[in-house]
Every structure is written in structure tokens, then in C-alpha cells.
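Novice: Each chain, letter by letter, is given below.
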Amino acid sequence: MSMLLTVDQITRRFGRKPVLHGLRFYLRRGEVLGLLGPNGAGKTTALRILSGTLAPSSGRVLLSGIDMQRSPRQAKARLGYLPERAPLYPDMRVDEYLAFAGRLRRMPTGELTEAMARVKAQCGLTHVGQRLLGRLSKGYQQRAGIAQALIHQPDLVILDEPADGLDPVQIRELRGLIRSIAENAGVILSSHALHEVQASCSRVIILHQGRQLHEADLRLQAAAARDVQVRLRPPPVLSSVLALPPVETAEPCGKDALRIRLRKEASADALARSLMEHGYGLLELRPCRTDLEQVFFSCIGMESAA
Amino acid sequence: MILVIARRELAAVFQTPLAWMLLAATQLLLAWVFLEVIDQYQGIAAPELEIGFNAALAERLYGATLMLLLLIAPLLAARSLGQDRQLGTDQLLGSAPVRISAILLGKLIALLAPLWLLALLPLLLVAWLVGASPVDLGLFLAATLGLCLSALLFASVGLLTASLVRQPTLAAILAYVLLIMLSLIHDADQLAALQLSLLDWLSWSQHLVWLFNGVARLSDLSYFVLMSALFLALAQRQLANRQLG
Numbered sequence: 001m002s003m004l005l006t007v008d009q010i011t012r013r014f015g016r017k018p019v020l021h022g023l024r025f026y027l028r029r030g031e032v033l034g035l036l037g038p039n040g041a042g043k044t045t046a047l048r049i050l051s052g053t054l055a056p057s058s059g060r061v062l063l064s065g066i067d068m069q070r071s072p073r074q075a076k077a078r079l080g081y082l083p084e085r086a087p088l089y090p091d092m093r094v095d096e097y098l099a100f101a102g103r104l105r106r107m108p109t110g111e112l113t114e115a116m117a118r119v120k121a122q123c124g125l126t127h128v129g130q131r132l133l134g135r136l137s138k139g140y141q142q143r144a145g146i147a148q149a150l151i152h153q154p155d156l157v158i159l160d161e162p163a164d165g166l167d168p169v170q171i172r173e174l175r176g177l178i179r180s181i182a183e184n185a186g187v188i189l190s191s192h193a194l195h196e197v198q199a200s201c202s203r204v205i206i207l208h209q210g211r212q213l214h215e216a217d218l219r220l221q222a223a224a225a226r227d228v229q230v231r232l233r234p235p236p237v238l239s240s241v242l243a244l245p246p247v248e249t250a251e252p253c254g255k256d257a258l259r260i261r262l263r264k265e266a267s268a269d270a271l272a273r274s275l276m277e278h279g280y281g282l283l284e285l286r287p288c289r290t291d292l293e294q295v296f297f298s299c300i301g302m303e304s305a306a
Numbered sequence: 001m002i003l004v005i006a007r008r009e010l011a012a013v014f015q016t017p018l019a020w021m022l023l024a025a026t027q028l029l030l031a032w033v034f035l036e037v038i039d040q041y042q043g044i045a046a047p048e049l050e051i052g053f054n055a056a057l058a059e060r061l062y063g064a065t066l067m068l069l070l071l072i073a074p075l076l077a078a079r080s081l082g083q084d085r086q087l088g089t090d091q092l093l094g095s096a097p098v099r100i101s102a103i104l105l106g107k108l109i110a111l112l113a114p115l116w117l118l119a120l121l122p123l124l125l126v127a128w129l130v131g132a133s134p135v136d137l138g139l140f141l142a143a144t145l146g147l148c149l150s151a152l153l154f155a156s157v158g159l160l161t162a163s164l165v166r167q168p169t170l171a172a173i174l175a176y177v178l179l180i181m182l183s184l185i186h187d188a189d190q191l192a193a194l195q196l197s198l199l200d201w202l203s204w205s206q207h208l209v210w211l212f213n214g215v216a217r218l219s220d221l222s223y224f225v226l227m228s229a230l231f232l233a234l235a236q237r238q239l240a241n242r243q244l245g
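As they're listed, the protein sequences go chains A and B.
Each residue of the first sequence is one higher than the one before, starting from 1 at the first, in our numbering.
Each residue of the second sequence is one higher than the one before, starting from 1 at the first, in our numbering.
A portion of the hints provided could be inaccurate.
What the hints assert, rightly or not - Calculated Cβ distances over 12 Å to all of chain A for the following chain B residues: (1) 16; (2) 229; (3) 238.
Claimed, not checked - According to the in silico footprint, chain B covers these stretches of chain A (three or more CB under 8 Å from chain B): (4) 18-31; (5) 42-56; (6) 271-283.
I should point out that these hints are in silico values taken from the structure, not numbers from a laboratory.
Ideal Cβ placement from N, Cα and C applies to all residues, glycine included.
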């Protein structure tokens, strides 16, 4: 499959200060790539370069084979960008704003009405079309910001900290929205929250101090997220624990402790119930840190914080 | 694309009370100046009145409007670019397939709408006198053209300084300094005791004085258009450089 986005050795300096060193990756249509890193890692700078609002000091960005530096308007027509802060005009109504965003992307007037109805339904904005953006809650403002990035059905959607300021219900809706966007486009999102990247992305790049430290396929790590560690009394017999319905695999890890991988449909409380029904006293039950979490902390030099 | 941006900016100017308050305050101030001039010339015979009255009206009424334009245009220009940075909407415009020049021209059109309305206010006042007093319409039309061209120049300088510095207030102050320097630059030849016609040519007030005297010369019109284009081109370059960092 041909690459939707190719990022080739992007470097960026502000004055003499380098903030991004040789960022290099690719993205295919249908993928959701997460840029993960602590605050100040260079995520926003990287996304601004990808969106064409900032030029790289060296390197190049190819979107569907179009060079962002050489043909910026052709490349920008194929992308939608939600910056860290939703770019809203508080004096505009949601409908006016979406129409403006569509016209900026050179959408024909005839297609605008249909496109606005589509993104409003997609982002849950249907009933607030006549409300002023400045009067909307943070969650709805973020939705309007996402809607403007989707109105022209771009090939690439770039979302900078899209879950910032959203409540848990809205975050859950956002994950669903990202999945639906990825059916027809490539998505890049940045976050400093591990769980957010794990929940939404198929691939992750860890950035720290402007350097690309790790790239991983999260689908392979999805299974690891079902691992829990238990400490039992009396000391567990491995064969009897393996026979429990919620348990997929189990292995000893220290005195009286087991690392258990739950079956896909099983939950930690089902495991706890099952263990107690079989006569075990539960001294401790905690989720194991996933490989990504271990890699992340090791990348940013915080192994001791485990 | 220029019109898409201009429409958005115009809505921002006219949907808020800002432009209306500016126009109302200007009209009030100009009406006061207008009545003051009329007061001075009441009871004077028609031949004498024709020369003195028209010149005084042009000088006082249009002079006051010029000062207001000088004050307001850089402020509005600085607000126009500064607000985009403040709201983060510069990222929306920057990631859209739009040239920087189209953004600047859209903003310029939206700036000129209230400024040119303001520049027409003295003419509206003068129109009240047609039929009642010997009015030199040519003089006032030329002076109105002078105000419109000055507004174009002031707004262009305002957009340039707003592209140079991030704080809108600082940008407006910088524009005032630049415009005042550009107005007084022709005095430099007196200091050096040399005839430097280039400095005369660079000074916008030297060109405006002709228009305020009822003389619309192509060279003066070209000056305003060329200088405005130069400042806009510099603003475009500055905004493009900001992306390069």
C-alpha cells in the first residue's frame, strides 16, 4: 500500500535551540499514529510542521507524494488540523464557522450544506448549529475544532492533544470518532497521556526532548494490557489458577505472586471472585504496567518511577 | 479566497459595537468642528466666503478626520492580526490552502470598509451646504480621495508592524512612530541644508497636501498605492519568515 504521509528526517531549530532532531516516520491510510511524550517533547512542533504552519529547518514532508514545502497549497488541501487550542472565532455561530472552514478549504458552495450536516452529526454538534462558539462549553468547542478539520474529508487528520479538557464521557466519544475517521483517512494525534494513546492508536512514536526514541505497533501490545499481578494466601498452585475461567495464562512472579493474563471477555473482579471461590485469600491485585508504559518511562529516563 | 477572508473579517468588525461606536464618535466630533467653522464664517460676503470658507473647512474638517484615521487605522490593523494569534485562528488560516498574501488582502479589505466609511463622513457634512453656500466640490472630492488613500497607507503600515511584533498595542505604537517619521521626513533636508527631493517624495504629508488643496496628481496617487503595496509586501514576507523561524 502506498504511503499517505512520509516524514523524512525533519529537524527544527528555534534560533540556536534545536527542538526536533531527525524525526522520521510514515503513515498509511487507516492507521492512527500517536505521538507520545512529556510536555515540551516537541510534539506540537512536529504537528505544526506536518500541518504546514511551521517550516522545518531541514528534512521534508510528503503528503500523498506532494511536498509540503514545494506545493503547500496542494498538500494543505488534503489535511485537516486541530491545533492544541481549538482555533475558534467566539463571535461566530457553529454553522457560520463550519461554512467558513469549508470555504477556506475551497469546497464548492453546493457541497457545503451536506458536508456541514455530515460533520455536525459526526461530532455531535447537530443541535448547537445556531449557538455562538464563544458560549459553548469546552467540550463542544473542542468538537467544533475537530469538525472544522473534517469538513473537507481530508486524507490526513492531525489532532494535537484532542482529549485535552474533555470529560470521561466526551473522551470515550472522541475515541469512537477517531476510529470512524480512520476508516477513510490517516490520523496522527499527540498526547502526553499513555492511556489515551493506547486506547486510540494503532502505532506510537515516543518523543523526548525532540528526539524520536521509540516506535511501536500497539496492536501487538494490546494483549499485554490484560495482565494483572496477584498475591495470594495460601501460596497459589499454578495448575489450579490456570484452570480458573477468567485466566488465559499465568506465571509465577515472586513469592506468593502470579502474573495472570485475563481472557479477552474477563474482568479483574471476575478473577477476584473466582480466586476467592477456590479458597484463596487475595492479598493484592493490581494491573501490570504494560510494555508501552515501561518503554515510555525507560525512554524518558524515569525507570525508578515505576 | 480573499473575499472569503474579507467577509469573515468584516463580520468581526461590524457584528461588534466597535466599528459603529467609532463611526458615531467620529461623526459627533466632526459635526462639532463643522459647526465651529460655519460659526466663524457666518455673515461674510459670498466672494470672500468662497475662498476662505472652503479652504478652512477642508483644512479643519479633513485635518481632524486625518488625525482620527491616523489614530484608528493602526489600532484596527494590529487588532486584526493580533486577534488571530490570540485566538489561535492563525493556525486555522495557516493550515488551509490559502496564500499569505490572500489573508493579508482579505484583512486589508475588511479594514478599509470602516476606515473609508469614516473618510466619507466629512463629505456628508459638506453635502449639507450644497445650495446654501458656494461649495468647491472638486476640492472636497480630492480631499476625500486623499483621506481614502491615507487610510490605505495607514492600514498597510499597521499590518506590517502587527506582523513584526506580537503585542497589538506595541504594534500600533510602532505604526504611529513609523507614520509620523514618514510624515516628517521631508524636514530632514532643511536640517542638512540640502535639497533632497527624495525625502520630500517619501513623506506622505507632502503628497496629501496637494489632495487637500484640491489637486489630484497621478504622482501623488501612485505614491500612496506604491507605498501601501510595499508595506503589504514586507508584511507578507515577515509572516512567511515567521513560518521559517
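Novice: For each hint, tell me whether it holds in the structure or not.
Specialist: Tested hints:
1. 16: The assertion about residue 16 of chain B is violated, with a minimum of 7 Å to chain A.
2. 229: Given that every Cβ of chain A is farther than 12 Å from that of residue 229 of chain B, nearest at about 22 Å, it holds.
3. 238: Non-interface label stands for residue 238 of chain B: nearest chain A Cβ at 14 Å, farther than 12 Å.
4. 18-31: As far as the region 18-31 of chain A goes, the hint is violated, because 0 residues have Cβ atoms under 8 Å from chain B.
5. 42-56: holds (count 6)
6. 271-283: Three-residue rule not met by the region 271-283 of chain A, so violated; n is 0.
Hint compliance for this structure: hints 1, 4, 6 are not met, and every other hint is.
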